[in-house]
Amino acid sequence: MSITLTIDGTEITVPEGTSVWDAAKQMGHDVPVLCHDEKLEPVGVCRMCVVEVEGARTLVASCVRECEEGMVVRTGSEVVERNRKTLTELLLADQPEESAREATTGDDQLFALARQYGIETPRFPAGNGRPVDDSSPVIAVDHQACILCDRCVRACDDIQSNLVIGRTGKGYSARIGFDLDNPMGASTCVECGECAAACPTGALINKPITVAIEPKPLKEIESVCPYCGVGCALTYKVDEEANKVVYAEGREDTANEARLCVKGRYGFDYATHKHRLTKPLIRKDAHYPKQALTGAMQRKDDGTRTNGVYPDYEKALGAFREATWDEALELVASKLSAIRDEHGGDALAGFGSAKCSNEEAYLFQKMIRAVFKTNNVDHCTRLCHASSVAALLETIGSGAVTTVYNDIRNADVALVTGSNATANHPVAATFFKEAARNGTKLIIVNPHRPELADHGEYVRLRPGGDVAFYNAIMNVILEEGLEDRAYIEQYTENFDALKETVARYTPEIAAPMCGIEPDKIREIAITIGKANAFLVFWGMGISQHLHGTDNARSLISLCLMTGNVGRPGTGLHPLRGQNNVQGASDAGLIPMVFPDYAPVEDPEVRAKYEAAWNVGLDPNPGMTVVEIAHAAEEGSLKGMYIMGENPFLSDPNVQRARDAFMNLDFLVVQDIFLTETAEVADVVLPATSYFEKTGTFTNTDRRVQLGQTALTPPGEARLDWEILCDVMTRMGYPQSYERIEDVFIEFSDLTESYKGLRYEHLLGRGKLWPCPDPENSEGEVVLFGDGFPTPTGRGKFSPAEVLPPEEMPDADFPFILNTGRTLQHWHTGSMTRRAKALDAINPEAFCEVHPEDLAALGVEDGGMVRLSTRRNSIRVKARASTKTSKGSVFIPFHYREASANLLTSDALDPFGKIPAFKFSALKVEPA
Amino acid sequence: MAKKRYPETKILSKNFDKENSWTFDVARENGAYTMFEKALKEMTPDQVIEEVKTSRLRGRGGAGFPTGVKWSFVPKDVDKPKYLALNADESEPGTFKDRWLMELDPHMVLEGCLICAYATGLSTIYIYVRGEYPLSQERLWGAIREAEEKGFLGENIQGSGFSCNAYVHTGAGAYICGEETGLLESLEGKRGHPRIKPPFPAVEGAFGCPTVINNVETLAHVPWIIEHGGEAFAKQGIAPDPDNPRSNGSTGTKLFGVSGDIKTPGCWEFEFGITVKELLYDYAGGPLDGREIKAVIPGGLSMPVLTADELDVPMGFDDLVKVGSGLGTACAIVMDDTCCMVEASENIAHFFADESCGQCTPCREGCHWMEKIFKKFNANQGTRSDLDLLEGLFVNIEGRTICALADAAVWPLRSIIRKFRHEFVAKMTPEEQAAEKEAQAEKARETAGVS
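Residue numbers (the numbering used here), protein chains in the order written: chain A, 1 to 927; chain B, 1 to 451.
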């Protein structure tokens with residue numbers, strides 16, 4: 001229904017429910033506001049937007065008042081203007097003389113109103129004596145400048161669902177407060193910065209990260225966050241003269257709706273850290289035989305390093321001499337060519353990185369395949385979701401998500417399992433929490449209690465109990481007749497085999513295996529079975545197991561059985577880790593497949609790439625990450641090219657991997673820092689950071705977005721794609737592209753799912769692949785509404801049995817070790833530990849131990865413990881935490897001084913070849 | 001010859017003097033719950049509402065909204081629970097009438113609630129009692145327990161099929177929680193921030209469900225109305241103004257209180273019609289010896305003051321409005337000639353500045369700045385422009401906020417400044433006093449010149 005009213009003498013017709021403010025805005029009247037922001041629910045408290053409504057007893061706040069038929073509104077009458085002026089004067093009276101917002105970003109809305117109303121010195125005596133709160137590393141709080149507009153409260157509660165900011169006090173002494181009125185830095189604030197982005201005054205402003213934030217014109221670069229797979233669209237504000245990113249803002253009209261997390265908003269300064277490599281480096285003769293150079297990397301290191309990250313970085317650099325590009329590239333090309341020519345291509349291998357762009361991933365695998373003559377190319381996807389992809393390809397014929405993270409808005413029930421989303425996919429988690437608030441039932445299954453558990457129903461799974469639990473869930477669904485028979489009939493196959501398997505997993509049988517009571521299993525199964533739209537998100541708690549593929553198969557079976565694929569609010573969503581792990585996999589950075597998951601063994605596929613690349617190709621699948629390390633150990637692998645990966649911290653059983661890589665005849669590392677891996681390289685090539693290049697990145701949603709150059713590279717650092725082309729050329733396979741987009745065009749022309757995409761399509765919201773009509777469409781949001789890309793067109797049930805983990809706890813190693821990540825740090829920390837704010841918030845290694853276990857060990861909260869597995873041991877600070885269950889220990893793997901992967905096992909899932917990072921038998925001792 | 005005293009009429013207060021009046025047995029002996037039983041057994045809910053409408057009973061919390069009309073706003077066929085929130089957060093300064101009812105006759109209060117519950121089809125009663133009334137809370141809880149035991153609360157009351165439960169909810173000392181939507185927020189466990197209306201509580205109140213909010217005294221009247229009929233109630237007190245079709249008059253009886261600079265503060269029940277003067281002199285004993293009454297706020301703190309010359313006015317809803325004030329809670333605060341009106345102003349401003357919830361800018365900032373300006377006068381530093389500034393502030397505070405707390409601050413203060421300007425002038429700087437004198441003389445000359 002529409003409503004006609006008169007605003008300032010002109011009639012306007014608007015839909016029912018439109019606010020007077022919005023209606024006035026449509027007519028081009030900008031009614032001033034302080035508390036209102038179109039992204040937020042209006043609260044009508046600043047009273048700046050009041051208007052005169054004929055017949056009303058009082059002035060009406062236009063942001064909250066809905067238009068009514070026949071209403072006569074005056075938005076700028078004398079009485080209204082006088083009111084606004086008085087309000088401005090009242091508010092201004094208490095402001096600090098200089099606005100911190102004016103002094104930084106120059107957009108203080110109160111000061112702008114004061115200028116508009118010509119108020120210089122308010123007639124009211126000044127000073128509310130409220131304090132400054134400098135406790136947050138990233139946000140400066142000045143309560144004196146706060147006008148209680150409530151925007152930060154709504155930003156924190158309604159947008160990010162963090163529920164940290166509220167109001168405290170009443171009347172004139174009312175203030176915003178953090179938690180129970182703690183200083184911001186001592187509260188549960190997660191430093192997402194949404195409040196500072198929402199604040200209209202100098203009360204909440206960003207502290208400088210690189211250079212001072214000043215009200216001067218900055219270059220605006222539309223780009224994408226370089227951290228996790230959520231791939232938040234953002235804008236970098238760049239000081240070109242200083243060559244620094246000054247600050248970052250989320251972009252509106254994008255999938256992330258301008259939301260960012262602490263890493264995205266405040267973690268950009270690593271790019272200009274003083275440790276950046278600026279010249280090619282060649283290892284000095286005196287430093288052979290190779291040794292690890294920094295203390296943290298040396299053998300039997302027991303984690304005695306102090307806070308602050310890289311104390312012996314300069315010393316490590318001293319083992320290298322600077323070289324010209326020509327010398328370094330020639331050395332790389334000649335050494336690798338010699339190995340290839342003498343030992344064959346399979347004596348070489350390469351690790352690309354999911355941190356690099358699609359273009360770089362494509363070129364890297366092209367180099368390994370076409371020039372090194374081997375399929376030994378892999379990257380960190382092997383360590384995160386290889387098992388998920390294996391299960392998805394096997395069952396539904398596609399390794400990507402079937403729907404986007406935001407589709408949770410349409411789900412009645414969502415399962416989030418093996419995922420610590422608030423830390424690892426923080427912005428996606430804000431949408432999960434929002435959906436929970438709006439009625440989506442969240443079921444959180446995890447041995448380690450994630451923060452998301454506060455927003456839904458949490459069940460603590462026994463570590464490794466996944467298959468038993470989901471089989472029992474399916475058992476109950478079948479028992480209760482809640483399966484979707486029509487869907488099973490029309491779209492699936494092999495149902496009988498599944499039925500036979502899950503029939504043996506009654507809740508009573510599964511309960512002791514998964515640690516969840518039979519009644520709870522039944523209740524959850526019925527909730528899932530009865531849901532109209534059910535969606536599954538999973539993380540590495542599912543994939544990083546010896547039976548990771550089975551875990552993923554179980555989740556897929558659950559969705560197929562209940563007909564929950566292919567409709568809005570349903571589907572399968574493995575939350576991808578790295579910003580470009582989806583894209584790097586799409587681009588063929590995988591030993592068994594070319595781009596688009598085309599098998600290397602398939603002669604037709606191979607013929608296509610041989611023709612495209614004009615070269616003969618290896619018909620045998622290559623080795624995966626851990627297999628490559630084992631081949632190096634055994635000696636059959638002689639040379640490696642590592643671009644942007646840091647296996648010296650990220651590989652399982654990492655001491656074995658380190659020893660293996662040190663055994664190589666020749667190792668070249670292309671990176672932006674002298675990483676732990678680069679320490680043992682023969683040649684180190686200084687590459688460009690994310691901020692210094694343009695390229696495409698595909699997020700967890702299959703959304704292809706364009707990251708654009710924001711900074712110029714330091715010193716002689718070069719673009720990665722140019723380095724790769726030079727190496728290929730010098731190895732006898734001339735490669736040159738005029739511009740990076742030409743690489744993308746070559747890639748997308750060969751890759752069905754990217755076909756037709758060009759850079760011009762990838763700005764703004766980007767495109768979801770497949771996107772056959774990029775001019776007019778955003779791409780496919782929900783896939784497989786009508787069958788699957790399998791040979792039969794049907795989704796295949798792949799039943800899974802419960803298998804034991806490789807090593808069970810015993811008398812010597814009675815605990816279970818679980819590894820994971822934290823909100824502030826990224827993987828091996830090479831970026832985030834060099835980001836000032838992130839390092840300040842999360843400066844040191846720790847593990848989480850149940851308080852009762854800690855007490856039994858006689859260790860205080862914060863005391864040191866020694867963690868040992870059958871492989872190695874480390875010393876690390878212990879935090880008492882009930883997030884972990886009794887008998888389990890959780891440790892993040894970011895920290896070089898207490899590397900969790902010294903402890904983990906390199907036994908592999910047989911299908912995904914992923915190591916069991918989530919399960920090791922562990923001994924804990926006071927240290 | 002002394003004129004005849006305005007007579008007391010004890011309806012609400014009929015049991016106040018009885019021993020153990022708050023117990024079920026004493027209350028029952030005096031007829032408690034018989035009108036609830038009558039309503040249950042002999043009347044339809046609509047008939048009850050009609051009777052209350054006929055009585056012209058107006059809300060006793062201060063706003064005077066017709067109670068029967070309010071009840072009729074509650075939707076009948078909704079798929080949601082409905083609630084009664086009894087506003088027993090009697091925090092208005094100088095006001096203590098509800099306390100007497102809750103302490104001395106809680107069963108009468110409860111019976112009124114139950115009749116309301118039956119009439120509006122709700123089954124949960126929350127009694128929101130201010131935190132500073134421990135005895136009221138105790139007596140109400142006691143009455144609830146007794147009524148439950150005797151089968152007047154709970155499931156299937158008296159075999160009628162009607163079920164209803166009651167709970168006492170304790171406030172924590174915030175004045176704003178007496179504002180009806182602030183009360184609802186507090187009841188829901190949130191900060192007492194008044195809500196933007198519409199939606200009104202009768203449609204979307206506590207927990208998003210239809211909610212009746214009535215004052216204690218209002219509902220205590222209901223059993224009598226059921227017993228004697230709305231007509232009988234409407235005949236008491238002051239009839240509606242026949243010239244004004246929208247007038248509801250001031251029908252029935254009312255508890256009137258007096259406190260402040262007065263010989264015998266107290267609370268009495270009369271039919272509407274007694275004048276302020278009769279109340280103060282005939283019942284409250286007049287001013288303390290050797291003093292003179294200077295100003296009276298007729299009901300609580302939130303109404304414009306009357307000067308000593310303006311007291312010959314009936315304590316009625318419309319009658320006080322006609323002389324530029326209002327009935328408010330009908331508990332008068334008296335200030336005598338020892339009271340400095342500038343200091344009183346600072347005190348009043350401080351109260352509202354302190355009790356503002358802090359949501360709306362005009363109230364949060366405005367009340368505070370008013371207090372600061374009064375402080376300046378009390379330090380003998382006032383200026384004429386400060387008074388202009390105050391007048392300007394009043395205009396830009398009144399009617400500019402979500403609730404009426406800021407209006408309630410403006411009304412007494414503006415009337416004090418207008419009626420007692422000379423006291424403010426006396427607290428100006430000498431230069432300003434001289435300027436004021438000159439301006440007054442100029443004004444007088446102009447007036448003389450014109451005439």
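Hints were generated in silico from the structure; no laboratory data involved. Here a beta-carbon is modelled for each residue, glycine too, at the ideal position from N, C-alpha and C. Don't take every hint at face value.
Using 30 Å as the maximum straight-line C-alpha spacing, the simulated DSS-like pairs for lysine-lysine come out as follows [stated by the list, open to error]: (1) A:K39 to B:K376; (2) B:K376 to A:K85; (3) A:K755 to A:K883; (4) A:K441 to B:K190; (5) B:K3 to A:K85; (6) A:K85 to B:K10; (7) B:K376 to A:K883; (8) A:K39 to B:K197; (9) B:K76 to A:K85.
Computed far set for chain A versus chain B, every beta-carbon distance over 12 Å [what the hints assert, rightly or not]: (10) L59; (11) E66; (12) G70; (13) A242.
* Hints breached by this structure -> 1, 3, 5, 6, 7, 9, 10 and 11
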